[in-house]
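In order, the protein sequence lines correspond to chains A and B.
For the record, in the first sequence the residue sitting at position 119 is 119 according to this note's numbering, with numbers rising by one throughout.
For the record, in the second sequence the residue sitting at position 221 is 221 according to this note's numbering, with numbers rising by one throughout.
What the hints contain is simulated information worked out from the structure, not anything from laboratory work.
Be aware that a few hints might be false.
Identical chains blur together in the list; that is why a pair holds if it fits in one copy or across any two.
Computed cross-link-like contacts, SDA-like style, restricted to lysine to any residue with a CA-CA straight-line distance of at most 25 Å [said to hold, decoys possible]:
(1) Lys276 <-> Gly154
(2) Lys22 <-> Gly8
(3) Lys63 <-> Gly119
(4) Lys301 <-> Glu11
(5) Lys31 <-> His233
(6) Lys148 <-> Pro39
(7) Lys285 <-> Glu182
(8) Lys31 <-> Gln115
(9) Lys148 <-> Pro41
(10) Lys148 <-> Gly29
(11) Lys31 <-> Val204
(12) Lys31 <-> Thr127
2 protein chains.
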Amino acid sequence: MTRRERLGEFELIARYFAPLAKGFRGARGLKSDNAFLAPDPRYDLVVKTDTVVAGVHFLVDEKPQIVAAKALRVCLSDLAAGGAVPFSYQLALSLGTNWTERWISGFARGLAADQRRYGLALSGGDTTSTPGPTTISITAFGHVARNKGLGRDGAKEGDELWVSGTIGDAALGLLAARGGMESAFLERRYRLPQPRTTLGPRLVGVARATADVSDGLLADAGHIADASHLAVHIARECVPLSAAARGVVATKPPLWANVLGGGDDYELVMAVPRRKRAALQAAAKAAGVNVAHIGHFARGKGVHLTLDGRAIRPATMGYTHF
Amino acid sequence: MTRRERLGEFELIARYFAPLAKGFRGARGLKSDNAFLAPDPRYDLVVKTDTVVAGVHFLVDEKPQIVAAKALRVCLSDLAAGGAVPFSYQLALSLGTNWTERWISGFARGLAADQRRYGLALSGGDTTSTPGPTTISITAFGHVARNKGLGRDGAKEGDELWVSGTIGDAALGLLAARGGMESAFLERRYRLPQPRTTLGPRLVGVARATADVSDGLLADAGHIADASHLAVHIARECVPLSAAARGVVATKPPLWANVLGGGDDYELVMAVPRRKRAALQAAAKAAGVNVAHIGHFARGKGVHLTLDGRAIRPATMGYTHF
Chain A
1 MTRRERLGEF ELIARYFAPL AKGFRGARGL KSDNAFLAPD PRYDLVVKTD TVVAGVHFLV
61 DEKPQIVAAK ALRVCLSDLA AGGAVPFSYQ LALSLGTNWT ERWISGFARG LAADQRRYGL
121 ALSGGDTTST PGPTTISITA FGHVARNKGL GRDGAKEGDE LWVSGTIGDA ALGLLAARGG
181 MESAFLERRY RLPQPRTTLG PRLVGVARAT ADVSDGLLAD AGHIADASHL AVHIARECVP
241 LSAAARGVVA TKPPLWANVL GGGDDYELVM AVPRRKRAAL QAAAKAAGVN VAHIGHFARG
301 KGVHLTLDGR AIRPATMGYT HF
Chain B
1 MTRRERLGEF ELIARYFAPL AKGFRGARGL KSDNAFLAPD PRYDLVVKTD TVVAGVHFLV
61 DEKPQIVAAK ALRVCLSDLA AGGAVPFSYQ LALSLGTNWT ERWISGFARG LAADQRRYGL
121 ALSGGDTTST PGPTTISITA FGHVARNKGL GRDGAKEGDE LWVSGTIGDA ALGLLAARGG
181 MESAFLERRY RLPQPRTTLG PRLVGVARAT ADVSDGLLAD AGHIADASHL AVHIARECVP
241 LSAAARGVVA TKPPLWANVL GGGDDYELVM AVPRRKRAAL QAAAKAAGVN VAHIGHFARG
301 KGVHLTLDGR AIRPATMGYT HF
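This is chain A alone, in the form it adopts within the complex (with noise of 0.2 Å):
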């Protein structure tokens, strides 16, 4: 790395990122090498990575709060599925080379929104350039009750399937970013995932397993079959879409693809016993999210999608990692 290079990282670091991590002690201001968390032994802490790079996961010419927004919100979603309640993150930033103090400075105010809407700080990370497209790494640390933390292993026989807001929005998104078709709406949807972390710490003790949709309906509840040794069976019919979705679907059939193995929704997908039906349909008023009952864990294995009662052809599954 040379010097000049450096130089320029010290003066972001004090001007846009130090004032991230104020008032978060252990991060002692971004100007030592370390940061140190102070363990509460109620606690587990519950740790995600994940990594945007432009052109690949947001569009090249998004603005700079947007991508802050996603780099972030994408590792919420992760620690919201797992029952966690978010608190701080690393931020990994290595910049393209046509970067600007603009862009930069955009990036950073995206961060400090989102910082303020989820209850977050930053605690250190590491800034480069890179000859490549800019690309963030963020680990993001939460918090969840000593041994509670929900994963995709645990459903068991019977368990109903349940999924929050709306499926497909992204996928269609996508679409409509691209040029494909016109609505602001879904494009939002795509461009912008509003984690489900009112939901996902008050499933603890309800969902015995829970995933984000990130791959794709069929694709995040076949994880959770997969993991539970387990088959899972959905109805399509039962699998909630929003108007403009149920839109599109109507006059374009085969978008359904998109819809059930398009990823990004970053909606929650969540194994649950019948006894606690009523337990997770409190959890999700107090939250304010909707939940709708779109299938069940069953003995075998894969993923089996119906249509009013009579199984649908396998097309559909194309789109899943199985």
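Based on these hints, arrange chain B on the given structure of chain A.
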């Protein structure tokens, strides 16, 4: 992210990365979205993130085992400076388009070897592809006794400045790697850092402030001075050099600038009160690392270099941040 790429990601994780998480319960076999770290209330969790980019921080044709070791060790060096014993890490791996399974396999072997060497387990991460150069961000975790973590601030007027090992080998080794000179020893010192993980934790209660030498001796001693609101005085004749480096600067004195201003030594610089000198020497002996007394902290600001008692010209200082 395309389905095809994600398929590859799942296979890569199962084949090469899940074995690195084996035995670390909170990693859940890398099959859940999150890692869960159970806190020990006797310790603070020490966290450090570093990014290395192909062609910027390592040579593009570097062996993947060496790349893995370097990416991990630059973080371990920071943890050592904090007084922490490392135990786990998160890996964000963005693979350039020309990656091969052979490269990944070598990279994973390099991680495995260093996991054994330093007592680490992989706890989670993210694998993506990038149209740019391969980029690796590691967030490493260590433990230090509660509230005992070392930082750059805390040096007091009159404290002695000490440094571990030898200085300048890496900067000269970079010249060697680029073909500017011939020295297998120096080149190895550049390619493969040896973080002072045995010394760092022994500095708790001995040193008042520490940093690792990653930006260069003058710069990193200067960071301690700045953070401690003091000046630091360094006697060049006391700076410990390897036999190879001594030979180089004897024939090419201008390369003193590289020795004192070049980075990547991954030694430790320490502010140590005089009454702790014997404790430091005992710690160094137990750690199997040499330490040298090279200067002191005083009222004022900045970095002041002397040679046999005379201030020497600031041309040498041009490589630092201030």
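Now the hints, each set against the structure:
Taking CA atoms no more than 25 Å apart as the test, Lys276 paired with Gly154 passes inside one copy only; the shortest distance there is 15 Å, against 54 Å between copies. Only within a single protomer do Lys22 and Gly8 lie at most 25 Å apart by alpha-carbon distance; the minimum there is 21 Å, versus 40 Å between protomers. With identical chains, the CA atoms of Lys63 and Gly119 are at most 25 Å apart within one copy only, with a shortest distance of 23 Å there and 42 Å across copies. Taking CA atoms no more than 25 Å apart as the test, Lys301 paired with Glu11 passes between copies only; the shortest distance there is 18 Å, against 54 Å inside one copy.
Taking the closest pair of Cα atoms, Lys31 and His233 come within 25 Å of each other only across two copies (21 Å); inside a single copy the shortest separation is 52 Å, beyond that limit. Taking CA atoms no more than 25 Å apart as the test, Lys148 paired with Pro39 passes in both settings, with 16 Å inside one copy and 14 Å between copies. When the C-alpha separation of Lys285 and Glu182 is checked against a cutoff of 25 Å, the pair qualifies neither within a copy, at 32 Å, nor between copies, at 70 Å. In this homomeric assembly, Lys31 and Gln115 come within 25 Å of each other (Cα to Cα) only inside a single copy, at 20 Å, whereas the closest approach across copies is 28 Å.
For a Cα distance limit of 25 Å, the shortest separation of Lys148 from Pro41 qualifies both inside one copy, at 13 Å, and across copies, at 18 Å. Taking the closest pair of Cα atoms, Lys148 and Gly29 come within 25 Å of each other only across two copies (17 Å); inside a single copy the shortest separation is 32 Å, beyond that limit. In this homomeric assembly, Lys31 and Val204 come within 25 Å of each other (Cα to Cα) only across copies, at 19 Å, whereas the closest approach inside a single copy is 37 Å. In this assembly of identical chains, the alpha carbons of Lys31 and Thr127 lie at most 25 Å apart only when taken from the same copy (13 Å versus 29 Å across copies).
Going through the hint list in order, the structure does not satisfy hint 7, though it satisfies all others.
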